[in-house]
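Undergrad: The primary structure of each chain is shown beneath.
2 protein chains.
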Amino acid sequence: MTPAHPEAHLKSTATVRDVVIGMSDGLTVPFALAAGLSGANVSTGVVVLAGLAEIAAGCIAMGLGGYLAARTDAEHYQKELSREIEETREMPDEEAAEVARVFQGWGLTDQQIEPIVAAITSDEQRWVDFMMRFELGLEEPDRWRAVSSAATIGLSYVAGGLIPLAPYFFAPNLGAALTASMAVTLTALLIFGCIKARFTGISLWKGGFQTVLIGGAAAAAAFLIARAFR
Amino acid sequence: MTPAHPEAHLKSTATVRDVVIGMSDGLTVPFALAAGLSGANVSTGVVVLAGLAEIAAGCIAMGLGGYLAARTDAEHYQKELSREIEETREMPDEEAAEVARVFQGWGLTDQQIEPIVAAITSDEQRWVDFMMRFELGLEEPDRWRAVSSAATIGLSYVAGGLIPLAPYFFAPNLGAALTASMAVTLTALLIFGCIKARFTGISLWKGGFQTVLIGGAAAAAAFLIARAFR
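Protein chains in written order, with our numbering: chain A, 1 to 230; chain B, 1001 to 1230.
Isolated chain A, as found in the complex:
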């Protein structure tokens, strides 16, 4: 594997990626909620209150939700693993035929396949690994990585959410707070979109434009809904 390949790059910077994910989500929804409430002309105190409540809720939903989903993935993997182990023991011929089928798909002749299947099925661990990866497409989840990832995303959501909310703490009135919040947040979304783009390999401008579009559209929708129902 050459060092230029992207997966090594992705792993080494996974934490930065989690920060960006949490922050761009944290920027989007609290920003839109605050903008929406501003459209309904409530007091700035209410906007701050609702914003903080949303940040707390979103942080728990993303952090705890992410953690539990990772645990479920790990359990799902273990369950499938036990099933594959059982299957290789109870119906070895069918499972060996499934190994052969993978290689048939690559255009190998039965003569070429025979020793390969024999080599793979000679060791239970190897056989089960092969079935998990190539038949079910499952890779063993990294539990610790999932926990730290969930925590990073949750905390970044809080940090991101405080950016659009900050102007509402300090601005003299709701209109000024909304304007300042829009300026600060859309700039932050642009920056985070560009950073995100570096990880997914799309162009910086496209990445920046996408996060700004999501944030702007969410804020516009919240603003219009709140104004219609005030």
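It is possible that part of the hints are untrue.
[What the hints assert, rightly or not] Example chain B residues on the side facing chain A (calculated, C-beta under 7 Å, incomplete):
id: 1; residue: Gly1065
id: 2; residue: His1076
id: 3; residue: Gly1201
id: 4; residue: Gln1210
id: 5; residue: Phe1229
Hints were generated in silico from the structure; no laboratory data involved. Note that the Cβ used here is the ideal one computed from N, Cα and C, for glycine as well.
Mind docking chain B on chain A? Use the hints.
TA: For chain B alone, coordinates are given in the frame of chain A:
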């Protein structure tokens, strides 16, 4: 592949899964926000307004965000695909050695590996497919599926979000609305957690307990934060 294998099951019911994902998220955050604001003793009108603004924002963020992320995945796949095609043309020996390395990992001898590598590298399409899947671990994303999935999740978020909010439309006072919202939402979360559990293969009770825990913890956090800052 036996019909009992879970991946066929998962695909055929992907839409139901998207509905459950969108709905359980929609139930969680708007529920927590409304509960949090109730703790700060604002008017029910403000709770409804904030709830509707949040639902609009969350729907756009999940729907549009999901759609754009899917498009980025597709572009990322295409970019890696072009790179692999280029690499098999410009440095075929190194790329063939990478194919051999995959089989060495399964304990095959060089003698067994030689014809396999020859068969795989004899066809560019097959060679590139192999590299994409087994070296980079990437599968071709289904664009249309991503679009319909994003739309389903976004709309289910709206439907889910209206459940905790409904009592605030009708209840005579904030306390009654909060109590009714908790009863309705925790029941709904329990049901959705059980349905979700069926897809991930964990026990129904565990699945139900997890979604109720996430919703309850998010609501408690929002409630405490809002009460502290009111």
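Undergrad: Now tell me, hint by hint, if it's right for this structure.
TA: Going through the hints against the structure:
Because the smallest distance between the Cβ of B/Gly1065 and any Cβ of chain A comes to about 5 Å, under 7 Å, the interface hint for this residue holds. Interface restraint check: B/His1076 against chain A, minimum CB-CB distance 5 Å, threshold 7 Å, status holds. Annotation: B/Gly1201 was flagged as interfacial toward chain A, and the flag holds, the nearest CB pair being 5 Å apart, inside 7 Å. Interface hint at B/Gln1210: satisfied, since its Cβ lies 5 Å from the closest Cβ of chain A, which is below the 7 Å cut-off.
Interface restraint check for B/Phe1229: the shortest CB-CB distance to chain A comes to about 6 Å, inside 7 Å, so the restraint holds.
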